[in-house]
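Asks: Line order of the protein sequences matches chains S and F.
For the first sequence, the working numbering gives the first residue as 1, with consecutive numbering after it.
For the second sequence, the working numbering gives the first residue as 453, with consecutive numbering after it.
Honestly, I wouldn't trust all of these hints.
Claimed, not checked - Derived DEER-like restraints, expressed as beta-carbon distance ranges:
hint	chain 1	residue 1	chain 2	residue 2	range
1	S	199	F	791	48 to 58 angstroms
2	S	39	F	709	39 to 49 angstroms
3	F	869	S	131	56 to 66 angstroms
4	S	28	F	781	30 to 40 angstroms
5	F	483	S	202	52 to 62 angstroms
6	S	24	F	716	44 to 54 angstroms
As the list claims (entries may be wrong) - Listed next, the stretches of chain F that the computed footprint assigns to chain S, with coverage defined by at least 3 CB atoms under 8 angstroms from CB atoms of chain S:
hint	segment
7	779-790
8	802-812
Calculated from the structure, these hints are not laboratory results.
Ideal placement from N, C-alpha and C gives every residue a C-beta, glycine not left out.
Number of protein chains: 2
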Amino acid sequence: MPRTPTRRSLGPLGLRSPAQLVVAGFAGAVLVGTALLLLPVSRTGEGGTDLVTALFHATSAVCVTGLVTVDTASYWSAFGEVVILGLIQVGGFGTMAFASLLGLLVSRRLGLRTRVTAAAETKSVGLGDVRTVLLGVARTTVLFEAVVAVVLGLRFWLAYDEAPGRAAYLGVFHSISSFNNAGFALWSDSLTRFATDPWVCLPIAVSVIAGGLGFPVLLELRRQLRPRRWSLHTRMTVLATVALLVLGTVFVTANEWRNPQTLGALDPAGRLLAGFFQAVMPRTAGFNSLDYGAMNEGTLLGTSVLMFIGGGSAGTAGGIKVTTFLLLLFVIWAEVRGERDVHAFDRRITDRAARQALTVALLSVAAVVAATVAVVEISRMSTHVVLFEVVSAFATVGLSTGITADLPTPAQLVLVVLMFVGRLGPITLVSALALRERQRLHQNPEGRPLIG
Amino acid sequence: MPRTPTRRSLGPLGLRSPAQLVVAGFAGAVLVGTALLLLPVSRTGEGGTDLVTALFHATSAVCVTGLVTVDTASYWSAFGEVVILGLIQVGGFGTMAFASLLGLLVSRRLGLRTRVTAAAETKSVGLGDVRTVLLGVARTTVLFEAVVAVVLGLRFWLAYDEAPGRAAYLGVFHSISSFNNAGFALWSDSLTRFATDPWVCLPIAVSVIAGGLGFPVLLELRRQLRPRRWSLHTRMTVLATVALLVLGTVFVTANEWRNPQTLGALDPAGRLLAGFFQAVMPRTAGFNSLDYGAMNEGTLLGTSVLMFIGGGSAGTAGGIKVTTFLLLLFVIWAEVRGERDVHAFDRRITDRAARQALTVALLSVAAVVAATVAVVEISRMSTHVVLFEVVSAFATVGLSTGITADLPTPAQLVLVVLMFVGRLGPITLVSALALRERQRLHQNPEGRPLIG
Ligand SMILES: [K+]
Ligand SMILES: [K+]
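The following block holds chain S by itself, in its conformation from the complex (with noise of 0.2 angstroms):
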């Protein structure tokens, strides 16, 4: 049978409603891991793990959070690990590919051209697109995991005397972990005793900021480095990419230089790397190099206001976005200038682009704040450490001051509702919103980056 790719809609299987289909498989996956960690082979010692426990990590791994109420190396078997790292991609190629497949699907309707593949005639996601865009979604995975894990695995064997056996699966472990966001680590203390090493955190840092562009902006940059041809999608998500990694550097490093208990106990060099490397991570991996237990109140604001603008869309970032992000900062710079159309770069947005954009956005706040009271409610825990807590389950990223075992199993819950909602919902509301969309007459070039 030849291959040639067929153009029916994805109807029959399911896309009709794509929103429902992910939300499901998600669930699917969520379900299966949490009965793999039951299984007393996933524990160390005797015995299996509870029933919280269980959902609460397999949770955390498929929706690529790496928030954690157990220490992951000594609490789960070798099994475990593995259970674990599969969910974690799972988690991150599915959120990737479905991402990719509905940013597609929501740009073909409103007519845009994409560079994901090369027709725009039609108006529907066929066969052939997918297949594209899932063989593209794990070549880049592929790329990116292999390039980092063996870096890393040189690094642990030749400079922490790992056994090359172990350094191999530790390199594969953080590697996979760090390009899907996902932010498990095989240390207790994450990646606090590399802190001043780059041949640890600038590989992994790379990684997670690759993963976060998403999945359209990779395949755009490897095609095409001239940023004067970028997509606006591509375009925003660079921009506001390497502007929140410059204010986050600055903003960390300044907050904490004299902090004995994180960067002023390191030399200036290693301040400078631990301050960058505590600016990706919000973006939202989550690891960390730094205790965030010991952080001014201060700097622990301005990285929930971090991990809640988050990463790109169609990646394995969470939070809002940061084209969401910005293209509402677009929308109150026309607004202050008396603009009636808002503009990014050469392109026009839609009243409806921003419309979805702010929907997103303050949904978003009020799933933060309700879950910020409920939890302080319920664990009766003081606010700026909840604060933190809920807004790193929201954006999926995984840091946390240390509070997680000790929440009560009803404040669990919440984060785990928050996981699977901070990591589905701002997509599938965006593609669910903009699906709805009736195409227009054809009036200037309109411009519409993903969204969520």
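Take the given structure of chain S and dock chain F with the ligands to it, following the hints.
Replies: Just chain F with the ligands now, kept in the frame of chain S:
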């Protein structure tokens, strides 16, 4: 000379740039107030107060905030108290009148009918309108303040054994402080001692709500009691006010019911009264009959949300205003339902109005977040009390967990700026934005509540 209303635009009087006039007027009032409070005669005991204390309390009074760093009754002399009372009256009257005039100007320019004055054929605001508005605001203010002063004065005289003159003074002071949503009280624990006395709490609550509805709504309610005939602005303001009062009462009462330091110490009827009172005061009067320093952090967070939303436009309340908040909800609702146009009741909300509401809300969030980070950095105090304090200052509420006096001077100056920006920012920003809107061809009847 006959007093024919002139139809000249207010350009010669400075209203060509209304925002500048408002800002200059308020800054002038703050400076005069600071100078008066610096006089030795304003203080009890020997010598005058310091510059920061005088500036802080003049700003707090003119912006009708009510945050204090000293105990009003014992620190200031009778002269000082009267200065503060005068500043409150100037600030409250100024806010109500200026915001009403700006709202009138915006409505005229946008070709919307308004009930503040009968004529709608002109696009400018003439001296006759100014006179109408100023007289209307003055009459409304005197009416509410007089009635409440009499009720409170009688109560203090008959039930609390105050001398008649003293009781009258207390009545006048707290009626002015409540209608203008200022929240200054002459007891160091605010109104805590009257927590279960409906004869004190209810008149103050009614006065606060009335002042917070805003002049255009009060005017319309006086002329027309049938909701079906109300303007969009009045409908939205009344709906949001009632909803927030009910939700706030339930929230505070449920949350604090068993807190032995707050509601738990009262009998059930007293708990309901105090729960209601603490739901009225965040919007944005700032009296309290319970100790906010002893409240659950969840209650503080929920109260912060209420404070941020604030009260009605063109009144004495602060915050982003209930119409701004409700309009954003309508936008989200329309988006979630997939409707192209946003409708509120029977009116279509323009995209520009939605964008203006969004701009006010997000810039306000940014101001609160930035100030919270700054004050946490400066003071090293805990996030939850700082956030509460910052929102209280920005929304000109005046509630506090009790940290105001303990804040370092730079942090107090941040609050001074916040009070000023929070008082004038939303009003002037929206009017500046809206006045630049060009008039458009008449399509459907368009609606536009006052925003900010
Ligand atoms: K993560
Ligand atoms: K107030």
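Asks: Against each hint, give a clear statement of whether it holds in the structure.
Replies: We went through each hint and held it up to the structure:
1. For the pair residue 199 (chain S) and residue 791 (chain F), the beta carbons lie near 54 angstroms from each other, so the given range of 48 to 58 angstroms is met.
2. Distance hint check: the CB atoms of residue 39 (chain S) and residue 709 (chain F) are about 44 angstroms apart, consistent with the given range 39 to 49 angstroms.
3. Separation of residue 869 (chain F) from residue 131 (chain S) is about 58 angstroms and conforms to the stated range, judged on CB atoms against 56 to 66 angstroms.
4. The hinted range of 30 to 40 angstroms is satisfied by residue 28 (chain S) and residue 781 (chain F), whose Cβ atoms lie roughly 34 angstroms apart.
5. A C-beta distance of roughly 54 angstroms is found between residue 483 (chain F) and residue 202 (chain S), which places it inside the suggested range of 52 to 62 angstroms.
6. The hinted window of 44 to 54 angstroms between residue 24 (chain S) and residue 716 (chain F) holds, with their beta carbons roughly 46 angstroms apart.
7. With a threshold of 8 angstroms between beta carbons, the proposed coverage of the segment 779-790 of chain F by chain S holds, since 7 of its residues qualify and at least three are required.
8. Counting residues of the segment 802-812 of chain F whose C-beta sits closer than 8 angstroms to any C-beta of chain S gives 7, which meets the bar of three, so the coverage hint holds.
The structure is consistent with each of the numbered hints, conforming to all of them.
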